[in-house]
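Protein sequence lines, in the order shown, are assigned to chains A and B. Mapping of the first sequence onto my numbering: residues 1 to 252, in sequence order. Mapping of the second sequence onto my numbering: residues 1 to 252, in sequence order.
Worth flagging that the hints you see were computed from the coordinates, not collected in a lab. Where is the CB? At the ideal position from N, CA and C, for every residue including glycine. Possibly wrong hints are sitting among the right ones.
[Stated by the list, open to error] Taking lysine-lysine and the DSSO-like style, the derived pairs with C-alpha atoms no more than 27 Å apart in a straight line are:
#1 A/K245 / B/K55
#2 B/K55 / A/K216
#3 A/K198 / B/K94
#4 B/K94 / A/K94
#5 B/K113 / A/K7
[Stated by the list, open to error] Which residues of chain A face chain B? A few of them, derived with a C-beta cut under 10 Å, are:
#6 D26
#7 V29
#8 G41
#9 I50
#10 N159
#11 I162
#12 I196
#13 S208
#14 Y209
#15 V222
#16 T226
What follows is each chain in one-letter form.
Number of protein chains: 2
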Amino acid sequence: MKKKTKKVNAAILIIGNEILSGRTQDKNVSFISKWLNSNCGISVSEVRIIPDVEKEIINNIKLLSKKFNYVFTTGGIGPTHDDITAQSLAKAFKLKYGFHKEAYKILESYYGKKKFNDGRKKMAKMPISSKLIYNPSSAAPGFMTKNVFSLPGVPSILNSMIENCKRYLVKGLKVHSKTINLFTVESNISKELGNIQKKYNKFVEIGSYPFFRLGKIGVSVVTRSTYKLKLGQVNKELLNLVKSKKIKILKI
Amino acid sequence: MKKKTKKVNAAILIIGNEILSGRTQDKNVSFISKWLNSNCGISVSEVRIIPDVEKEIINNIKLLSKKFNYVFTTGGIGPTHDDITAQSLAKAFKLKYGFHKEAYKILESYYGKKKFNDGRKKMAKMPISSKLIYNPSSAAPGFMTKNVFSLPGVPSILNSMIENCKRYLVKGLKVHSKTINLFTVESNISKELGNIQKKYNKFVEIGSYPFFRLGKIGVSVVTRSTYKLKLGQVNKELLNLVKSKKIKILKI
């Protein structure tokens, strides 16, 4: 079986002490991952959450940008002292760091010359060769440096910008997914699930996740594949299994 | 200034395709991190989210268990084929993998001999030298292997078990934290915040996070330190700054 196009993967690097300390609940991983998969056929293969520490940012950017097709960083591109993503990127890739002409213009015209203070000017500083990711919410642009996309940490702003990454991304094969929710326990189907997984190992990934709903215990069986046909075959086998075990399906 | 006790850190390793794909929103990072800090004075210094792939689990366990005092893994300890945390741990540390006698007994008595099928028996398999973390919700225990704590992925079950990790943990210095919510923009205070941070660099960590509330823009300034006195000093300086700039404080 020959694939139509190639698989494209990405890593997400969440930069921020507030996520690590548990003060802020991250929402960006789930959003970026779903967006990448459904819009670009790109799978997120690894996520890291690290503190606002230059050495950590540099090391992780170097490593992840080599290991994956793309890296998405979130956080650390605002005006304050703890926003050090841009300068760390420049150091990681040994690129010139300074005012990005276009970003400077955008911010100056947004704030007006009088209110364009040093903090705001800082948001125009980045590797000067970066490409901009426009920000319809609050002007300060994100930027693409080599294969790394740097976005802000605030979810509503990030969400408004993500479409502007699309033009820079090479698309991969879309991953299709299907979920069946069963009123049973995992151990009742674990053996058979394992056998089906073995049979389709190269093509389909089967995940099994317990749930609690309306006081009842259940299992969500999630199948994912770039091969739509194989996904259909696996789900047919799953439905046969469900029938033979007389398991009820939860319809949502 | 001499510290009373030492800093203790930890990493969290989230194992699960469902988190990476964005299908499931992770809630464990924030819970574990807050619990560790407030109950044990342990700071989470890094988080990784990786797929259910043996090689990835082994490599990350080896690396993180060396780099940090403790590692907390979540996910992959259930009865199905995609639950491979226990066997990967055994391989990472070159430990004997098999039925853990005590875990076997707990599960057998919970399910009853008749209903103790192969899937359920699998949950008693782990490095046989591991110490158990008891599970008041659903019996299947977590386990501590060297400095790695393996917990389930389902948040409600994990939450019910976390207290049972305490007996194994060496406590560190508690990190105190204070938040001031200001009705201003970051760039209005970024310079002064930077100066205060510089002055207290060794003792206090100052973070600045934009928020949107009731249609207004604001900044949460979060200060964190193991030194209560220094934290008080920084917050006094912050309040002076707020006063001099005539910034309103949001009282929650």
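Each hint tested on the structure:
no.	hint	in the structure
1	A/K245 / B/K55	34 Å, violated
2	B/K55 / A/K216	35 Å, violated
3	A/K198 / B/K94	26 Å, holds
4	B/K94 / A/K94	40 Å, violated
5	B/K113 / A/K7	46 Å, violated
6	D26	7 Å, holds
7	V29	7 Å, holds
8	G41	13 Å, violated
9	I50	6 Å, holds
10	N159	13 Å, violated
11	I162	13 Å, violated
12	I196	9 Å, holds
13	S208	4 Å, holds
14	Y209	6 Å, holds
15	V222	7 Å, holds
16	T226	13 Å, violated
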